[in-house]
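There are 2 protein chains.
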Amino acid sequence: MVSLGPGFPEYIIPQARVAVEQAQVVVGYRTYIDLLAPLLRGQEVVVSGMKTEVKRCQDAVDLALAGRRVALVSSGDAGIYGMAGLALEVCRARALRVGPPETLEAVDLYLEVIPGVPALAAGAARLGAPLMHDFAAISLSDLLTPWEVIEKRLQAAAQGDFVIVLYNPKSKKRDWQLGAVRDLLLRVKDPGTPVGIVTRAMRQGQSVIITTLQDLVEHPVDMQTIVIIGNSQTYAYGPYLVTPRGYLDKYAVAGAPGAEPNTET
Amino acid sequence: MVSLGPGFPEYIIPQARVAVEQAQVVVGYRTYIDLLAPLLRGQEVVVSGMKTEVKRCQDAVDLALAGRRVALVSSGDAGIYGMAGLALEVCRARALRVGPPETLEAVDLYLEVIPGVPALAAGAARLGAPLMHDFAAISLSDLLTPWEVIEKRLQAAAQGDFVIVLYNPKSKKRDWQLGAVRDLLLRVKDPGTPVGIVTRAMRQGQSVIITTLQDLVEHPVDMQTIVIIGNSQTYAYGPYLVTPRGYLDKYAVAGAPGAEPNTET
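As they're listed, the protein sequences go chains E and F. Residue numbering for the first sequence follows our numbering, beginning at 1 and increasing consecutively. Residue numbering for the second sequence follows our numbering, beginning at 1 and increasing consecutively.
Hints were generated in silico from the structure; no laboratory data involved. Any given hint might turn out to be false.
Only pairs whose alpha carbons sit at most 30 Å apart, straight line, appear in this in silico DSS-like list of lysine-lysine [unchecked claim]:
#	chain 1	residue 1	chain 2	residue 2
1	F	K172	E	K250
2	E	K250	F	K173
3	F	K250	E	K51
4	F	K152	E	K189
5	E	K152	F	K250
6	F	K152	E	K152
Same shape as in the complex, but just chain E:
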């Protein structure tokens, strides 16, 4: 289960690159397979379209059980709303014994998740530093999760004054959720709360917008968008959002380079 990061090839870790290069079969969504062309040198390739996630994982497991070395690729981080969990679910539904490559126990399948730069880190980087303090990641896709659960999580995240990262804010079929999020959060949060909207971070056509909770729905978003809503301390600074952790309040005076804080990270 190999993570490609947000914008191959500059954002894939060496271990993931090697895993793709050394695979006998590469399994993945069409768009990512196309991007991987430079790494494909004779590996068998199994491409699939959108909406075939279960089939894709089943194919990967079948191939691995047949003795092939398989790379199941995922954009961003395979373990954060990616393919890793579904692949493990498929293995468990078949009662397979699984373990890491270095396991000493008898298993049916060796598995490894190779991590990557998640979409939330890519989006945050383009916004400066909105995720410097506690945050909650919430997917707005209600195809697999009832909207009431999503609402409950949004309320809890607002109550806890978390920075909120929204995955899947909108799709062709889902266009009302982001407005509902705004209305729900406005009951608790300041309308001027800074919000960052990053689409296609580190890809062709990247867009970075800084706005406010009040104006959240005034900007284009799609399935490749990450929305980051600040906590009560987050501020806009030039083209950036910053969520302070409190170092400067506690220790430092601006321009006093000798200040010696006593901190952990």
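Chain E is already provided as a structure; the job is to place chain F on it using the hints.
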């Protein structure tokens, strides 16, 4: 502001590597500078010890203002409890105008955050796939954040049934927080809730433990540990933790490879 990922060199993205190689000055915590030795070919190096985060950022800003090309390095992702936010705070305290390298406006300093694999993604990868659904990241360090705020966030995260990722679970001076977290969460969550404890993920001496909320404090943790506490759906499967997203419930029958789900990721 350059992210090194969890375990340099296999886990740093090419763009970050290039940023270090092309820097004129590399600024960072001693341990990470030591690790970077293979990339250092004549760059000036400014090392600092623990507890000097503010000074480190001020040094980096001073050097950049003096016209040097500076790489301020951070382990994991620089934007998640890393150095990026503090560096921006230091710039703001000095009223500097800042912008990305491609900005067209007049600025005092060009800045860029180069993302990396965050500690939470590294820890999750070693545990299988615990972060496949909504999660909250919370630091237990109460040096900069009042414990009441941390408690409020833990309560909110439990109420929202988030998977909970704990950063900084313990240090030499802070040894009671993890027990307090267990007691607090046990009021709401099942004692058998699966918990993963990963220390030094992808580094020498890595340790991966799967336990339960009830037994959370029975295992060694330190400042290099990430603790991941499941939501109500998370299950242990062999050596892994999986938080299902619901694909198999909704669409698939085990072993029915023809199932065509209609899903988004």
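Consistency of the hints with the structure:
1. F:K172 with E:K250: holds, 21 Å
2. E:K250 with F:K173: It holds: about 18 Å lies between the C-alpha atoms, which stays within 30 Å.
3. F:K250 with E:K51: holds, 13 Å
4. F:K152 with E:K189: Holds, because 16 Å separates the two Cα atoms, which is no more than 30 Å.
5. E:K152 with F:K250: With a Cα-Cα distance of about 21 Å, the restraint between E:K152 and F:K250 holds, given a limit of 30 Å.
6. F:K152 with E:K152: Given that 30 Å is the threshold and the Cα spacing comes to 16 Å, the pair holds.
The structure meets every hint from the earlier list without exception.
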